[in-house]
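We have chain A; now place chain B onto it with these hints.
2 protein chains.
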Amino acid sequence: MFHATVSVTLRSSILDPQGKAVEHGIHSLGFDAVANVRMGKLIEMDVDAATEAEARHMAEEVARKLLANPVMEDFRIVLTPTERTVPS
Amino acid sequence: MFHATVSVTLRSSILDPQGKAVEHGIHSLGFDAVANVRMGKLIEMDVDAATEAEARHMAEEVARKLLANPVMEDFRIVLTPTERTVPS
Numbered sequence: 001m002f003h004a005t006v007s008v009t010l011r012s013s014i015l016d017p018q019g020k021a022v023e024h025g026i027h028s029l030g031f032d033a034v035a036n037v038r039m040g041k042l043i044e045m046d047v048d049a050a051t052e053a054e055a056r057h058m059a060e061e062v063a064r065k066l067l068a069n070p071v072m073e074d075f076r077i078v079l080t081p082t083e084r085t086v087p088s
Numbered sequence: 089m090f091h092a093t094v095s096v097t098l099r100s101s102i103l104d105p106q107g108k109a110v111e112h113g114i115h116s117l118g119f120d121a122v123a124n125v126r127m128g129k130l131i132e133m134d135v136d137a138a139t140e141a142e143a144r145h146m147a148e149e150v151a152r153k154l155l156a157n158p159v160m161e162d163f164r165i166v167l168t169p170t171e172r173t174v175p176s
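Protein chains in written order, with this note's numbering: chain A, 1 to 88; chain B, 89 to 176.
If you are wondering where the hints come from, they were derived from the structure by calculation, not from laboratory data.
Note that the structure is predicted; figures quoted are calculated from it, not measured.
We put the beta carbon where it would ideally sit given N, CA and C, even for glycine.
Watch out, some of these pointers could steer you wrong.
Stated by the list, open to error - Which chain A residues face chain B? A few, computed with CB under 8 Å, are given here:
hint : residue
1    : 33
2    : 44
3    : 45
4    : 47
5    : 66
Here chain A stands alone, though its shape is the one from the complex:
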């Protein structure tokens, strides 16, 4: 069993009006040292797989087919084994 964290981010060439709005809010709070705010999605899930390679393959398939828009977004996956991976 693995815990997968999928980060979905807009490609840098794509305009991000939501990020611009948040950046405006941040500056309104007085934090002028913050710039280039970009918004993305974070999806966390448990993947029941025997090996890390199998879990990564499954998470990549899910990200490619459902979570990310391949035209506009990139994704990256971080896997961490959970306690049920290696039964003693």
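Then chain B, alone, in the frame of chain A:
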């Protein structure tokens, strides 16, 4: 200059209907080994600060005041130095 990645996640005690909907979609695609899907937000930003401690303090203030709802959400911050931090 630091690049800050702020991950905002719903607390585990809070129901996540969006995550449930995504999980249903994942299962519809045939990925039955995926469970406990939770949706969060990812905010990336550049923080102009002299030290990592200063950048972290600023990012935490921004997350606490604007990006996360402290009643329902937790956040964590990952900082990475960017090339403009140490001018040669």
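Quiz item: Does the interface hint hold: is residue 66 of chain A within less than 8 Å of chain B, judged Cβ to Cβ?
Solution: Holds, about 6 Å.
Practice problem: So, residue 45 of chain A near chain B? Judge it on the closest CB pair being under 8 Å. | Solution: holds (5 Å)
Quiz prompt | Satisfaction of the residue 44 of chain A interface hint, Cβ to chain B closer than 8 Å | solution = holds (5 Å)
Quiz prompt | Hint check: 8 Å Cβ-Cβ cutoff, residue 33 of chain A to chain B | solution = holds (4 Å)
Self-check item: residue 47 of chain A as chain B interface residue, shortest Cβ-Cβ below 8 Å
Solution: Given a least distance of 6 Å, the restraint on residue 47 of chain A holds.
Of the numbered hints stated above, none is contradicted by the structure.
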